[in-house]
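Trainee: Starting from the given sequences, assemble the full structure and let the hints guide the process.
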Amino acid sequence: MKTTGKLGLDTAQIREARTLARRVGKPIVRTAQRHTTVSVERATLRLAGLGGADSEGTPWVNRLADVVRADVGLEHGLALPVWDALLRGEADDLETLAQKASAGSITFHLPEGKDAIRAAKASHKAVGRGIKQIDRRRVERERVIAKVGDAPRKPWIYLIVATGDIYEDIPQAQNAAREGADVIAVIRSTGQSLLDFVPEGATREGFAGTYATQENFRLMRAALDETSRELGRYVRLTNYASGLCMPEIAALAGLERLDMMLNDSMYGILFRDINPIRTFVDQRFSRQVHARAGIIINTGEDNYLTTADAVEAAHTVTTSQLLNEYFAKEAGLEDWQLGLGHAFEIDPEVPDSFRLELAHAMLARDLFPKAPLKWMPPTRHMTGDVFKGYLLDGFFNLVGALTDQGILLVGMMTEAVVTPWLSDRDLALQNVRYVMNAAGNLHEDFSPKPGGFIVNRAQEVLGDSITLLQDIEGHPNGLLDAIADGTFGLMKRPADKGRGLEGVAKKARDYYNPATEILEGRL
Numbered sequence: 148m149k150t151t152g153k154l155g156l157d158t159a160q161i162r163e164a165r166t167l168a169r170r171v172g173k174p175i176v177r178t179a180q181r182h183t184t185v186s187v188e189r190a191t192l193r194l195a196g197l198g199g200a201d202s203e204g205t206p207w208v209n210r211l212a213d214v215v216r217a218d219v220g221l222e223h224g225l226a227l228p229v230w231d232a233l234l235r236g237e238a239d240d241l242e243t244l245a246q247k248a249s250a251g252s253i254t255f256h257l258p259e260g261k262d263a264i265r266a267a268k269a270s271h272k273a274v275g276r277g278i279k280q281i282d283r284r285r286v287e288r289e290r291v292i293a294k295v296g297d298a299p300r301k302p303w304i305y306l307i308v309a310t311g312d313i314y315e316d317i318p319q320a321q322n323a324a325r326e327g328a329d330v331i332a333v334i335r336s337t338g339q340s341l342l343d344f345v346p347e348g349a350t351r352e353g354f355a356g357t358y359a360t361q362e363n364f365r366l367m368r369a370a371l372d373e374t375s376r377e378l379g380r381y382v383r384l385t386n387y388a389s390g391l392c393m394p395e396i397a398a399l400a401g402l403e404r405l406d407m408m409l410n411d412s413m414y415g416i417l418f419r420d421i422n423p424i425r426t427f428v429d430q431r432f433s434r435q436v437h438a439r440a441g442i443i444i445n446t447g448e449d450n451y452l453t454t455a456d457a458v459e460a461a462h463t464v465t466t467s468q469l470l471n472e473y474f475a476k477e478a479g480l481e482d483w484q485l486g487l488g489h490a491f492e493i494d495p496e497v498p499d500s501f502r503l504e505l506a507h508a509m510l511a512r513d514l515f516p517k518a519p520l521k522w523m524p525p526t527r528h529m530t531g532d533v534f535k536g537y538l539l540d541g542f543f544n545l546v547g548a549l550t551d552q553g554i555l556l557v558g559m560m561t562e563a564v565v566t567p568w569l570s571d572r573d574l575a576l577q578n579v580r581y582v583m584n585a586a587g588n589l590h591e592d593f594s595p596k597p598g599g600f601i602v603n604r605a606q607e608v609l610g611d612s613i614t615l616l617q618d619i620e621g622h623p624n625g626l627l628d629a630i631a632d633g634t635f636g637l638m639k640r641p642a643d644k645g646r647g648l649e650g651v652a653k654k655a656r657d658y659y660n661p662a663t664e665i666l667e668g669r670l
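Going by our numbering, the first residue of the sequence shown is number 148, and it counts up by one from there.
Rather than coming from a laboratory, the hints here were simulated on the basis of the structure. Using N, Cα and C, we set each Cβ at its ideal position, and we do this for glycine too. Hints may be right or wrong, so weigh each one.
To be verified - Simulated restraints, written as ranges between beta carbons of each label pair: (1) SER252 x GLU377: 48 to 56 Å; (2) PHE593 x ASN624: 42 to 50 Å; (3) ASP420 x ASN584: 41 to 49 Å.
Stated by the list, open to error - Result set (SDA-like, lysine to any residue): computed pairs, CA atoms no more than 25 Å apart in a straight line: (4) LYS268 x TYR658; (5) LYS301 x PHE501; (6) LYS639 x ASP343; (7) LYS153 x ARG502; (8) LYS517 x VAL291; (9) LYS476 x ILE665; (10) LYS535 x ASP494; (11) LYS596 x LEU549; (12) LYS247 x ALA269; (13) LYS261 x ILE665; (14) LYS301 x LEU545; (15) LYS653 x HIS256; (16) LYS272 x VAL286; (17) LYS301 x GLU373.
Mentor: Below, the structure written as structure tokens:
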């Protein structure tokens, strides 16, 4: 038997797990390829340069998409009727076209023959300019890192900023970077994932987070670039490409040079009750954009353990990681872009809880040796006892050091008490700095006992994951049935229900989308 990694995992068993994940995932990919959504189509318009909003705050992409859909349907895509209208002289540019469409002065139709060919070429050229801008921003990132320097060590220290006001977020983010944060995540305003539009401009009124907008992205990226030059190391910026506008936010992130995006294949389904088909279609397109932009994705397996038991459901985390890996690579992402999620969420009263956490973290590292991995701190069992919480965060940081995690989110001892004060963040960063300075390369020296508790637990979880993937494959509708049955996070989400279903359309034979054509290399 050939083995690999510190846990001595059977390589044949690992191959079986990945083969099963591919077989389970392929029908989902085929479903995504056969459908489009309003957000995919709006993202295409955004890539072509359409931005802004009307006096009521409704984005012009929404106004234009709604009128075109009403006239010709969504199943053909928006590109052909939109650029046909431009070529017919209905307007000089997309914004004027959107304004006239919103006023009811334009009727769209689906072009045929030579008119369709001309519209396809014009749309391809316009959308291509946006994708070339994403390419330029990726090169720009590489140049900035080469000039100012990168984070001096791994894991990258990841810290959340969430005031609701972008102009308050900026100084907090800059100070967090000065105190040692390598990645700043601007958490989104509560409920934004359920908005079927992307707000416009700089915002100051978010609740428990700040709205994800193109202008907010631009402002924070510029501020962190300034701080990067000051510190002599590149500070990365993260936001959330999830919810009903996942493809649009991914496009805006690429255009504004964000570095990481929360982008999980099932999070919106399970925890926001977004329709499964809508989510899988949107996530495939968004990941194609992330692949092109050189953005690292962070997946959300840690969320399963906030609703399901972290010991009993450990194999669902591994199963989801394997599926997220397949979906990501199918969309063009590389290993270095896979911030696969997992978390330190076992009840500390469980005997050997630390050893179990270590086993689970080592399993993730050995299964995905080239992926950065995103390691999440304890939240579910934080009781408000700040002293115990601070110690628990220290244990979490120690496991991160022992298992060579790539992205370490900073845990807060005031979790479940208040939105952290700046002083809480300072103490939390001190905790991380102490553990990483004292034990940062401990993974080089640590190997578990062959046949011991940690190795056996990891092998048990991997075996349970394989069994679960086999069970999922046995369902008539595969993964969609498993999600409907509550397999992940105990959430039951049928494929024919959920928010955003009305925004899904099965592609017609003449469907055309220049963004998909370019991103998939079908030129």
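Trainee: Each hint needs a verdict: does it hold in this structure or not?
Mentor: Against the structure, the hints come out as follows:
1. At roughly 51 Å, the beta carbons of SER252 and GLU377 sit within the given window of 48 to 56 Å.
2. At about 43 Å, the beta-carbon gap between PHE593 and ASN624 stays in the expected band of 42 to 50 Å.
3. The given range of 41 to 49 Å is respected by ASP420 and ASN584, whose C-beta atoms sit roughly 43 Å from each other.
4. The hinted pair formed by LYS268 and TYR658 meets the criterion: a straight-line CA distance of about 14 Å does not exceed 25 Å.
5. Between the alpha carbons of LYS301 and PHE501 the distance comes to roughly 22 Å, so the proposed pair stays at or under 25 Å and holds.
6. A threshold of 25 Å between alpha carbons decides the hint, and for LYS639 with ASP343 the separation of about 23 Å falls inside it, so the pair holds.
7. For the hint linking LYS153 to ARG502, the alpha-carbon distance of about 15 Å falls within 25 Å, and the restraint holds.
8. A hinted pair counts as satisfied when its Cα atoms are at most 25 Å apart, and LYS517 with VAL291 qualifies at roughly 24 Å.
9. For the hint pairing LYS476 with ILE665, the CA-to-CA distance comes to about 17 Å; that is within 25 Å, so the pair holds.
10. About 13 Å separates the Cα atoms of LYS535 and ASP494, which keeps this hinted pair within 25 Å; it holds.
11. Between LYS596 and LEU549 the CA atoms are separated by roughly 14 Å; this keeps the pair inside 25 Å, and the hint holds.
12. Note on LYS247 and ALA269: the hinted pairing holds, with a Cα-Cα distance of about 20 Å set against a maximum of 25 Å.
13. Only pairs whose Cα atoms come within 25 Å are accepted, and LYS261 paired with ILE665 is accepted, the gap being roughly 21 Å.
14. For the suggested pair LYS301 and LEU545, the alpha carbons sit about 13 Å apart, so the restraint of at most 25 Å is met.
15. At roughly 19 Å between alpha-carbon atoms, LYS653 and HIS256 fall within 25 Å of each other, so this suggested pair holds.
16. Taking the CA atoms of LYS272 and VAL286, the gap is near 21 Å; set against the 25 Å cutoff, the hint holds.
17. The straight-line distance between the Cα atoms of LYS301 and GLU373 is roughly 22 Å, inside the 25 Å bound, and the hint therefore holds.
In summary, this structure violates none of the numbered hints.
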